[in-house]
Amino acid sequence: MSFSDWFENTLLNHIFSKGNYSPQMIYTGLCTNLPADSSTGGNCNEVANAYGYSRIQTSSAYWNTAVSGQLTNALEIAFPIALGTWGVIRAFVLLNSGSYGLGNVLIWGDISPDRTIVVNYQAKFPPGSLVVVLD
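Counting in my numbering, the sequence shown runs from 7 upward without gaps.
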């Protein structure tokens, strides 16, 4: 799990009064390869914009309160049923835009084990399965 360079800089600037950060809606996406810390919404190895794939809007209700520097999803995060093969999913990504190819990556993390998404499969993450750590 990693915070993006953009989000690290944004948070540091906010903490030290060098900039303001107003939390926006968070969108969860899926990636076929691990993003880099320098990734954006346009180059984070996200699943192709096809076969029914879309980012999922995950409001604050979807996330537990952080405890000991860690938080998890409080609700199931369910993606649309795949209308075709999405490929092997290796990571999740949290972004500040619901529009494919746009926005900033906030946080990303690996999915273990990898999941192969084929036609009629629905990628779901039960409560507690997506973990964000700030250490």
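Mixed in with the good hints there might be a few duds.
[Claimed, not checked] Pairwise CB distance ranges (calculated): (1) Ser118 with Ser23: 33 to 43 angstroms; (2) Ser135 with Gly75: 10 to 20 angstroms; (3) Asn49 with Gln128: 22 to 32 angstroms; (4) Gly107 with Gln128: 19 to 29 angstroms; (5) Gln128 with Asn26: 31 to 41 angstroms; (6) Gly25 with Tyr127: 35 to 45 angstroms; (7) Asn126 with Asn26: 27 to 37 angstroms; (8) Gly58 with Met7: 21 to 31 angstroms; (9) Asp43 with Asn126: 30 to 40 angstroms; (10) His20 with Asp120: 28 to 38 angstroms; (11) Thr38 with Thr78: 20 to 30 angstroms; (12) Ser44 with Asp141: 12 to 22 angstroms; (13) His20 with Asn49: 23 to 33 angstroms.
FYI, nobody ran anything at the bench for these hints, they're computed from the structure.
Just so it is clear, CB atoms sit at the ideal spot from N, CA and C, and this is done for glycine as well.
Hint by hint, here is what the structure shows:
In this structure the supplied range 33 to 43 angstroms holds for Ser118 paired with Ser23, their Cβ-Cβ distance being about 38 angstroms. Look at Ser135 against Gly75: about 18 angstroms separates their beta carbons, and that is inside 10 to 20 angstroms. Take Asn49 and Gln128: their Cβ atoms lie about 26 angstroms apart, and the range 22 to 32 angstroms holds. In this structure the supplied range 19 to 29 angstroms holds for Gly107 paired with Gln128, their Cβ-Cβ distance being about 23 angstroms.
For the pair Gln128 and Asn26, the beta carbons lie near 38 angstroms from each other, so the given range of 31 to 41 angstroms is met. Our hint of 35 to 45 angstroms for Gly25 and Tyr127 holds, since their Cβ atoms are close to 41 angstroms apart. A beta carbon spacing of about 45 angstroms between Asn126 and Asn26 contradicts the range 27 to 37 angstroms that was offered as a hint. At about 27 angstroms, the beta-carbon gap between Gly58 and Met7 stays in the expected band of 21 to 31 angstroms.
Asp43 and Asn126 have their C-beta atoms about 34 angstroms apart, which keeps the hinted 30 to 40 angstroms range intact. The beta-carbon spacing between His20 and Asp120, approximately 34 angstroms, falls within the hinted interval of 28 to 38 angstroms. Remark: the range hint 20 to 30 angstroms for Thr38 to Thr78 is upheld by a beta-carbon distance near 23 angstroms. For Ser44 and Asp141, the Cβ-Cβ distance of about 20 angstroms falls inside the hinted range of 12 to 22 angstroms, so the restraint holds.
At roughly 25 angstroms, the beta carbons of His20 and Asn49 sit within the given window of 23 to 33 angstroms.
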